[in-house]
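Peer 1: Positions 0 to 932 (numbering that gives the first Met the number 0) are the ones given, in order, by the first sequence.
In short, the hints are calculated from the structure, not lab data. Virtual Cβ for every residue (Gly too), placed ideally from N, Cα, C. Hints are not guaranteed to be accurate.
Taking lysine-lysine and the DSSO-like style, the derived pairs with C-alpha atoms no more than 27 Å apart in a straight line are [claimed, not checked]:
no.	residue 1	residue 2
1	Lys195	Lys101
2	Lys831	Lys706
3	Lys679	Lys416
4	Lys135	Lys569
5	Lys195	Lys412
6	Lys927	Lys911
7	Lys566	Lys135
8	Lys706	Lys748
9	Lys566	Lys623
10	Lys889	Lys917
11	Lys329	Lys406
12	Lys831	Lys802
13	Lys566	Lys412
14	Lys101	Lys569
15	Lys168	Lys412
16	Lys195	Lys569
Pairwise CB distance ranges, derived in the manner of DEER restraints [said to hold, decoys possible]:
no.	residue 1	residue 2	range
17	Gly169	Arg419	18 to 28 Å
18	Gly103	Asp2	54 to 64 Å
19	Leu185	His282	38 to 48 Å
20	Thr583	Asp337	53 to 63 Å
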Amino acid sequence: MTDLPAQYSPEGIEARLYGAWTDAGIFAPHRDPRPVTRDPFVVMMPPPNVTAQLHMGHGLNNTIQDVLVRTARMQGRETLWLPGTDHAGIATQNVVERLIAKEGGQTRFDIGREAFVRRVWSYVNETGATILDQLKAIGASCDWGRTYFTLDEDLSRAVREVFVRLYEKGLVYRGHYIINWCPRCLTALSNEEAEKHDVDGKIWHLRYPLVGGKPGDASLAPTQAIRAVRPSSATVIIAAGEVAAGDPPAGAIESIVVATTRPETMLGDTAVAVHPADERYRHLIGRLIQLPLTDRQIPIIADEAVDPAFGSGAVKVTPAHDPADFEIGKRHDLPVLDVMTPDARMNDEVPARFRGLFRFDARRQVVAEFERLGLLVKVEDHRHAVGHCYRCDTVVEPRVSDQWFVKMAPLAKPALKAYRDGTLTFIPERRGEEYAQWMENIRDWCISRQLWWGHRIPVWYCDGCGEMTVSRTDLSACPKCRGPVRQDEDVLDTWFSSWLVPFTSLGWPEKTDDLKRYYPGTTLVTAPEILFFWVARMVMAGIEFMGQLPFTTVYLHGTVRDTQHRKMSKSLGNGIDPLDVVRTWGADALRYTVVSGMAVGTDLILDPADLELSFAAGRNFANKLWNAGRFLLSNLDGVPRPVAGKHRNVVRKDELTLADRWIIARCEEAVVAATEATAKYRLNDAAAAVYRFLWSDFADWYVELIKPRLYGDRPGGDVARAVAYRVFDTALRLLHPVMPFITEELWQKLPGRQAGEWLATAAWPVSDSRARDAAALSGFALVQEAVGVIRQIRSEYGIEPGKQIAATITPATPGARTAIEAESGTITRLAKLATLAVGGAEQGVGAHAVLSDGTPVFVPLGSAIDLGRECARLLEEETRLRQLLASQEKKLANEQFVSRAPANVVENERAKLADWSKQVAVLGDKRKRLGCG
RNA sequence: GGGCGAAUAGCUCAGCGGUUCAGAGCGCCUGCCUUACACGCAGGAUGUCGGGGGUUCGAAUCCCUCUUCGCCCACCA
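Put together the whole structure using the sequences plus the hints.
Peer 2: Structure follows, in structure tokens:
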């Protein structure tokens, strides 16, 4: 009847609908004319990197946001989902650097800063919209009219404003500190950008000889010192040239052993530290060491930070290449000797033979020389955490340099308070503790990057008078001496612009209408990886610059992983391209799979090796829905054309059959379940509720059983059509946020549609207590049970599918009688019966069953019956029930249970007992009648 | 080294403070191309709910412990 294909094909439909939605402008917030009572729903999209290609992480993140946003929109809230892209300093610069290397074998230094930045801009302009177009393909209903880029002129102005304000407040400062340095990206990194990964390394124990005798301490015997520094010498592996413990050769000099995971840094040692209370070393404090491989002498100092229990209890101190050593160095005013170049080669501070060696080559050589000199005491395997650049995975080199920092403690204080007092909530809750922990241990944020792509730091230096000026506007001359100035070479951390987007994307610092209307936002949906990078900092910036949290709920979803639970990544090659899925099975299938597989607080596991397996559920469901719709549309001719919103009034309640009342009640349950689950961010539960309703209730039962009415074989066709229309329409609304395309497509085809009406902006179904109908639910459940047991008997006895048989059902209660009689046609049809007798004598021999309320069901089989088998079947069932019954009786005989358990629970249990007794009695009776042993 | 989470059918997971809760989807087995759908329909099998202990009339569910995975944080070099 319809010309729709039997198999749903999303191709064509999705692009057409997406275009129609945007043409209709429905993704832009609907301006509610009531300014006071408005309750806008505002979501800031985590801006993808401008060069990014859509991956499953984006797919997951944006699907979740879209489900929330579409639901809110249908619920009538003024809804803004604001998209944007991030200039992604290091990442983008790296991409273009690789590009120019590939094109012409050049580095950015070859072509110079200005030309390079131009090149990045042209690359970004060329490819920048890709990821956003890809988001459109999965159905994201963002307001594209407000799309921002973090390097846009107005956002850049805002960034500068923030920098200046924080500087003026004393919260931005320039300092000479040890920071995390990526020797490949050639830039400083924040603590968060240096990812700690456990690596299998080694720990080298090196012997440092002492210089002669310390004045006044000449009496110290050399052997004592040696023993002292080698407390566990019995287990020491003696390196080549080493001497046995306790047996120092004549003329052996005093020495001290230090342990290090990074021997190459010993070239930059400026002290050895021991704990002041460590008896083994106390007498050595203040003496000098002749630093091997160098001509330098360094002191032994005492510092509380040294753990006497670890290693030898003596620590080499390299202030320029270790954060802890840097602190020790500051306390003791030690020289800071940087021995590496920015790209992690040894520099001119080291002996000539090491110069120019990469740090790990230098490590090998240092170790080799220690060994040759007999100063390598032992080498142990050692697993420890090492910082890696989050963009290129290069091992980070701690390095001392001049950088800009944000003082974080004052910003963290109110951000922590907002969490503690419950204003800011996290889902799942436990994530909040991670946030709090970070806030409590906050360290200053290194925001300068030695990159070319990003917001240039708004600071100018005058070489003439030495003045440093922080300015909102570009400077051409020194405000103090009018001399020439040069701008700081560095750019700001990318996150220094993204932590501001909740308000800069709305026009801040201008007092725009958007800002007034859409700040603060509502919910933030993101991956836990950027909790500190982005979420925590947005909270701080929101409070600092807007005086209000940027959002009140943070929903942190899981990670997309493969079946080995490895994170999907390009380098592992275990990724899934969401667009492949969209092309093959449609965005709806992708979205359904993602939503239904994603419980709160869990990861999403997909199998990149078997996409069909991974996405079958979504595809199958889309197809099922499509065909249910197809069937309905072919049979809706009799539906009275409902005036929009009024079709509920078309049917009088007394015209409804039991099945009609049942499906309406089930629909109501689905409305409640989906609405409540979505409100609690349990999107998988919401999706499951609609799935169950549409497939198990509507398609499997209701559609099947109204066919005779629709075909005119039975009366009530119009009522059935109206009910089917109504519940299907409701289900489409409930499912729309998860599967927007197919639901919109079908909804548009339903009769009564007005021009310019969209499911995307249609009203979310409202729970209606009049639809609740416990009697219909329990009554129809019996009908389903009756059909089920007869089908079971058919299957068990191998009755041919086409063969019609007879059955007798003898209702055990008046309620059962009402239900069975009301839907006898349904039972006859779905169980493929020739005749159904309700009540009356059971004629002949056959198969028996009993419904849960004790209603006996009999299927005469005549000669086809296998008496032995039937007896065994009944006995098995009876035995099972008797066991249940026995435990139930025991339970109810227990005074403590009866007195302690809530009354309704006890009553419930009594009812069960009664039902089971009835069933057992019926089964026993049937076995007797069959003459079972 | 701290803190936290998870362990339920072959796979991915529900089961949200106790008593028909042992479930869903996918996969598997049997039978059906029944005029919406074989991406389907009907029927079916599969789990000592990670191990051990405890509380209770009753535990997948609460408590303790062990094991195994995972996450966050951390300057034992």
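Peer 1: Honestly, which of those hints from before does the structure not fit?
Peer 2: 1, 9 and 13
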